[in-house]
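Colleague: Below, each chain spelled out in residue letters.
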Amino acid sequence: MKATQYIAAPDNLVSSEPNKFDAAKLRSEEMIINLGPQHPSTHGVLRLEVLSDGEIIKEVVPHIGYLHRCFEKHTESLPYNQIIPFVDRMDYLAAMNSEHAYAMGVERMLGITNQIPKRVEYIRVLVAELNRIASHLVGVGAYGLDLGAFTPFFWIMRDREHILRLLEWACGARMLYNYIWIGGLYYDLPVGFEQQCRAFITYFAPKAIELEQLLVDNKIFIDRTANVGVLPLNLAINCGATGPMLRGSGLRFDLRKVDGYSVYPEIDFEVPVGEGKMGTTGDCWDRTWVRVREIHESLHIISQCLDKLENECKRTREFDPQAIIPKKIRPQAQEIYVRAENPKGELGYYFRADGKSDIPFRCKVRACSFVNLSILPELCKGVLLADLIAILGSIDIVLGEVDR
Amino acid sequence: MPVSLIIDASTLHSVCEHLYNNTETYFDMLTCITGVDNGAEANSMEVIYHLYSIPFNHSLMLKVILPRENPEVETITTIWKSANWLEREVYDMFGIVFTNHPDLRRILMPADWKGYPLRKDYKHEETYRGIKIDS
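If you're matching them up, the sequences are chains S and P in order. For what it's worth, the working numbering labels the leading residue of the first sequence as 9, then goes sequentially. For what it's worth, the working numbering labels the leading residue of the second sequence as 184, then goes sequentially.
Here are the computed lysine to aspartate or glutamate pairs in the EDC-like style, where the Cα-Cα straight-line distance is at most 16 Å:
(1) P:Lys306 x S:Glu84
(2) S:Lys316 x S:Asp276
(3) S:Lys126 x S:Asp315
(4) S:Lys28 x P:Asp295
(5) P:Lys246 x S:Glu343
(6) P:Lys297 x S:Glu25
(7) S:Lys265 x S:Glu305
(8) P:Lys303 x S:Asp362
(9) S:Lys215 x S:Glu169
(10) S:Lys316 x S:Asp196
(11) S:Lys81 x P:Asp304
(12) P:Lys297 x P:Glu308
(13) S:Lys28 x P:Asp286
(14) P:Lys303 x S:Glu80
(15) P:Lys264 x S:Glu386
Bear in mind the hints are in silico, worked out from the structure with no lab data behind them. These numbers come from a predicted model, not from an experiment.
Using the sequences provided together with the hints, build the complete structure.
Modeller: Following this line, the structure appears as structure tokens:
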């Protein structure tokens with residue numbers, strides 16, 4: 009490191025994130041175990057401070073912020089359209105879904121929601137659902153990896169690669185797309201995309217069933233996850249859980265149905281909920297099962313989108329996905345809260361515009377992983393240390409979104 | 184479009200308790216807490232609580248306006264557990280103190296960080312622990 013960048017001093021080597029519990033004040037049977045921030049099963053840079061009595065956990069204190077990139081501060085100096093790449097980098101496993109929610113929010117502020125062409129809306133839903141599958145695949149596969157099932161991880165990476173290639177073909181990037189723009193899209197879908205996408209569905213539908221049989225119906229997996237980390241419904245609602253966390257606890261609540269944004273009201277799909285098939289409703293197995301079922305539902309949505317894109321909303325020579333993108337994005341003075349169903353839960357944006365500039369006065373993100381992770385201390389009281397990893401993995405967090 | 188309501192900071196806890204318990208409103212979910220700094224000219228800060236009722240499917244923005252010097256408001260973690268981390272984040276970014284909060288520490292920034300980054304007049308330090316901060 010250059011001398012100008014870093015000044016060496018002994019005081020600088022102290023931990024910047026001190027433990028909540030003081031080791032000197034513990035009782036004789038208690039101890040503090042530190043997990044992370046560089047630990048593969050914490051799914052990123054999450055640090056957990058565990059106060060335990062032998063194998064029993066008394067308290068878990070998550071320490072976050074290691075991946076904090078000042079998203080909300082950045083938005084105070086960027087015009088609306090230039091924020092989209094920053095939005096990608098929050099939940100980097102499901103960037104399309106975040107972009108979709110963001111674009112929807114700004115369009116609602118500008119009052120152009122009704123002018124968006126149907127073809128654009130269907131493409132948005134198509135790519136968002138493809139990304140949802142990719143996100144759930146990583147969630148389920150990495151969860152298997154946490155619990156010692158090595159094979160499913162390779163399988164999901166192989167299948168996810170097909171999705172990433174499809175999205176790369178559509179917009180040029182594998183993970184951070186900048187594809188959905190305010191009022192439209194960057195490009196139309198490439199010629200032949202629909203056929204390739206259908207080929208992917210034909211290939212992937214049996215693979216998803218195979219994954220379910222290999223991992224979720226596996227006896228060892230069930231033994232590790234059933235009746236572990238049970239989240240009762242009233243606690244889930246009180247703690248603000250959303251997405252598969254809430255549905256795993258048995259409430260049929262999906263913003264795609266409840267709010268009916270974009271073209272979701274025109275599409276037929278089911279909302280799977282946890283039923284306690286292998287143990288208690290709301291355990292780790294239920295949450296994983298909900299994710300696997302949602303993969304199948306997303307495939308169903310994608311094939312309906314493809315039907316529309318090949319028939320009613322066909323590609324034409326004149327169609328320009330950038331046609332109604334506003335030249336100047338300057339919403340009137342207002343404040344608005346927009347929410348959408350991300351793979352991991354409810355993603356919300358709070359905007360405040362002052363009506364005088366192209367830059368939001370305040371843009372706040374309600375990150376689903378952040379709120380879902382805050383339930384971890386509640387879930388981990390009195391469980392075994394080995395179950396901590398099982399519970400943490402079932403929450404399916406992305407640290408990029410927790411820390412923003 | 185959710186309804187917004189501005190209330191006095193001292194009444195926040197009782198209003199929230201009423202909204203939570205009343206069978207006609209029944210706001211069972213606290214979705215989000217936003218802090219807003221209106222800048223030195225307006226000389227005020229806001230805390231916005233986004234409430235949502237699952238059975239009635241309606242949402243409400245509850246606003247509290249605070250002074251910029253020593254902003255304080257009572258915590259609502261006793262009603263909604265999700266308020267715990269959300270309030271910590273607002274404290275971290277704006278320096279708004281939530282009284283009676285069970286565990287009010289910085290959450291995203293390092294524990295020894297100086298200043299509150301999302302205030303409009305925030306100026307960052309030259310160095311942090313010997314590391315030069317680029318602007």
